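Number of protein chains: 2
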Amino acid sequence: MTLTAAVVAVGDELLLGDTVNTNASWLGGELARVGVQVVASVMVGDDLARMAVALRRALEDAEVVVVTGGLGPTSDDITREAVAAAAGVELVRDPDLVQELKDRFAAYGYPMPADVLKQADVPVGGSPLHNPVGSAPGLRLEIAGRLLYALPGPPYELQAVMAVVLDELRARSASSLHTRTVHTSGLGEPAVAEVIGQGVAVPEGVALAYLAGGGVVRVRFTGSDDTVVRRLADRAAELLGEHAWGRDDERLDEVVHRELAARGATVAVAESLTGGLLGAALSRMPGSSATFRGSLVVYATDLKESLAGVPGPLLASAGAVSAETAGALAIGARERLGATYGIGATGVAGPTEQEGQPVGTVHLAVSGPGDAVVRSLRVPGDRDRVRLLTVSAALDLLRKQLVLDRVVL
Amino acid sequence: MTLTAAVVAVGDELLLGDTVNTNASWLGGELARVGVQVVASVMVGDDLARMAVALRRALEDAEVVVVTGGLGPTSDDITREAVAAAAGVELVRDPDLVQELKDRFAAYGYPMPADVLKQADVPVGGSPLHNPVGSAPGLRLEIAGRLLYALPGPPYELQAVMAVVLDELRARSASSLHTRTVHTSGLGEPAVAEVIGQGVAVPEGVALAYLAGGGVVRVRFTGSDDTVVRRLADRAAELLGEHAWGRDDERLDEVVHRELAARGATVAVAESLTGGLLGAALSRMPGSSATFRGSLVVYATDLKESLAGVPGPLLASAGAVSAETAGALAIGARERLGATYGIGATGVAGPTEQEGQPVGTVHLAVSGPGDAVVRSLRVPGDRDRVRLLTVSAALDLLRKQLVLDRVVL
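Going line by line, the protein sequences match chains P and S. Heads up, the final residue of the first sequence is numbered 408 in numbering that gives the first Met the number 0, and it's a clean run with no missing numbers. Heads up, the final residue of the second sequence is numbered 408 in numbering that gives the first Met the number 0, and it's a clean run with no missing numbers.
Honestly, I wouldn't trust all of these hints.
[To be verified] Facing chain P, from chain S, some residues (calculated, C-beta under 8 Å):
{"#": "1", "residue": "12"}
{"#": "2", "residue": "17"}
{"#": "3", "residue": "18"}
{"#": "4", "residue": "19"}
{"#": "5", "residue": "41"}
{"#": "6", "residue": "45"}
{"#": "7", "residue": "71"}
{"#": "8", "residue": "126"}
{"#": "9", "residue": "210"}
{"#": "10", "residue": "275"}
{"#": "11", "residue": "279"}
{"#": "12", "residue": "282"}
{"#": "13", "residue": "285"}
{"#": "14", "residue": "297"}
{"#": "15", "residue": "355"}
{"#": "16", "residue": "382"}
Note that these hints are calculated values from the structure, not bench results. Every value quoted in this text rests on a predicted model; they were computed, and no experiment measured them. Beta carbons: idealized from backbone N, C-alpha and C, even for Gly.
For reference, chain P alone in the conformation it holds in the complex (with noise of 0.2 Å):
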């Protein structure tokens, strides 16, 4: 049986978008894997009675309740009297961690401000957790049945904390949740939901979920039962063919370091539009100085043809924008790098039209030891977006060079 759980993001910077909640999303990934379900997740403001009414919610909801944020030092560090009074109970100063704070400020040589010592409250019936890493303690709290766990806000702290706390979980849960993902690219949601909804028969129990974005879709099956989630994932891999790229974790530059690696083989870029995106992505992964040459970032237009040897009479023809620049940029990352491989990328990122194209107009072409290849694309979206976009492209682009050479050689 699955223990289920909801979490409690404390802070007026959640509320207002100052903050990003990454601390909902790390602790929703680390309870699936010990076993715990998040089935609510909430963030409140640092009010009394907000989060009164938030947390007698999340104990209704769920049989743990993760609460983060709001045990500093400051007068609006409210999560300590706001559990005491959720469980009914009085705050109690504990003298080992008041000595714990005096020692700390101590060994920092800073003088102790009278609030800090707030943090040496404990609801009755509670017990704090170290935090090897800040002052904040965290604390630990049945009631009504119900686990309580209150951890502080900074998620480096909030991590050092869970550690025992996830430890503690792992041995409740009976069982844990298993999800597996199939990455997959150059269809659509509704396209690649067709393919599996024709091909793959999901069983009860099983949940499965199409999570769309940056230019590609994935596909993702959880449940209780490992080798069932992953056979079925297996399954939709093999239907979805060369638009699956991927799986779990992977990302696209991964898969053609990977790729790339396995061969002995290294790729170079010439790049317009992404403006040094795609060297970018192609040097995320530790260790790409085995695969990743360099990138010619060449924006303004004579760059292309000085740094990159694409012909001025081909300039002057074929414009900037267009496949043959393309693949002339991909032949000079290749020559000029001293790649295996060569990426071209031009095109209008926006938000104007260039050379009487549109916005999103993206010429992508690889060279390498096999047949060259050019592919012409129009992407939606903002400048931001089309750039992240033809990155993917891009990517993808090589990684299915990458499948076909491995076929022809």
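Starting from the known structure of chain P, fit chain S onto it as the hints suggest.
Just chain S now, kept in the frame of chain P:
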């Protein structure tokens, strides 16, 4: 009187931690700007019973409810059904929306899967919200005097559909909050707080917040009187001097672009550890072709010599990761790409040390018409973070040099 709002973000991927809920923070910020205060923000999975509970609570909590996600064409997209159930009404298929969907697929030349048509379903009494960038329209519905909007989950589509909703809410909200932000670099949060604490008297009713992240500290004043808030920000910027590099929505790359454009100057880059991210930042602004020439991404050591002109003996003696190499890269970029300014960036992104230098070691240089400047620093974090902080530090170094050169020339 400020309107209150509750945000409900729908999707298993949010609870499982696959997707960070950036929509909630974006909505929090945008709603605050039009005078709507988010008082609760929740995430819920693709589960009809859980969604019913979340919607009921949201309608209790606030005058406006904004739901995002679950409007797609697949079987796990159930927001339409949940909203109709919460309102106690049926869904009816809207013939105009059916036609729009058919036209949309026809325009792209794709066959339309039958499931897509459920995106044309609208609760009785509700109305669709036009989606200019995707196939899922939003919904608008009044439930017992509360206003409910359902919007698509992909951030790009959410933001496009939300524009009209924000206009409507701005008109309804009698008051609005005004926010003025000063961006700083080169000082930690405590140092910034000390400068502000000693020199700026913050009146009752104005909130002051410090937001640190990505190598910058932001100082934010929020209040109902824009004149007051703006004066406070002006005073803060004055006290912070050269550390204050921008205001409100400005990005550092935007300030650099503007400063370059103001003097008809251009910049070129030779970068190693950032792999192209520095070029990407300098080409992010629309119109950056007027100020950005290009970048030599010399990831492989031999390219630092052959492409960027770093002298071989210098590379051999000082090493690829050195202040001397950063200086030579800056000069090489400036000369070989024909720019007014050249930036050189080299360092250790990790995960392992290089040439005996620890992860986070960064050497930057700017070469221009005045004196060249070199800066060596150590930045915290993992590979991704080291690369991002390097970009911020490099842009800031160029910005400061531009300010100095303006004084000199």
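Cross-check of the supplied hints:
1. 12: holds (5 Å)
2. 17: holds (6 Å)
3. 18: Where the cut-off is 8 Å and the nearest Cβ of chain P is about 7 Å from residue 18 of chain S, the hint holds.
4. 19: holds (5 Å)
5. 41: Where the cut-off is 8 Å and the nearest Cβ of chain P is about 4 Å from residue 41 of chain S, the hint holds.
6. 45: Holds. Min distance 7 Å.
7. 71: Given a least distance of 6 Å, the restraint on residue 71 of chain S holds.
8. 126: Given a least distance of 24 Å, the restraint on residue 126 of chain S is violated.
9. 210: holds (5 Å)
10. 275: Check passed: Cβ of residue 275 of chain S comes within 3 Å of chain P, closer than 8 Å.
11. 279: Check passed: Cβ of residue 279 of chain S comes within 4 Å of chain P, closer than 8 Å.
12. 282: holds (3 Å)
13. 285: holds (5 Å)
14. 297: With a minimum Cβ separation of about 5 Å from chain P (threshold 8 Å), the hint on residue 297 of chain S holds.
15. 355: Given a least distance of 17 Å, the restraint on residue 355 of chain S is violated.
16. 382: Where the cut-off is 8 Å and the nearest Cβ of chain P is about 6 Å from residue 382 of chain S, the hint holds.
Of the numbered hints given earlier, the model fails hints 8 and 15; all others are met.
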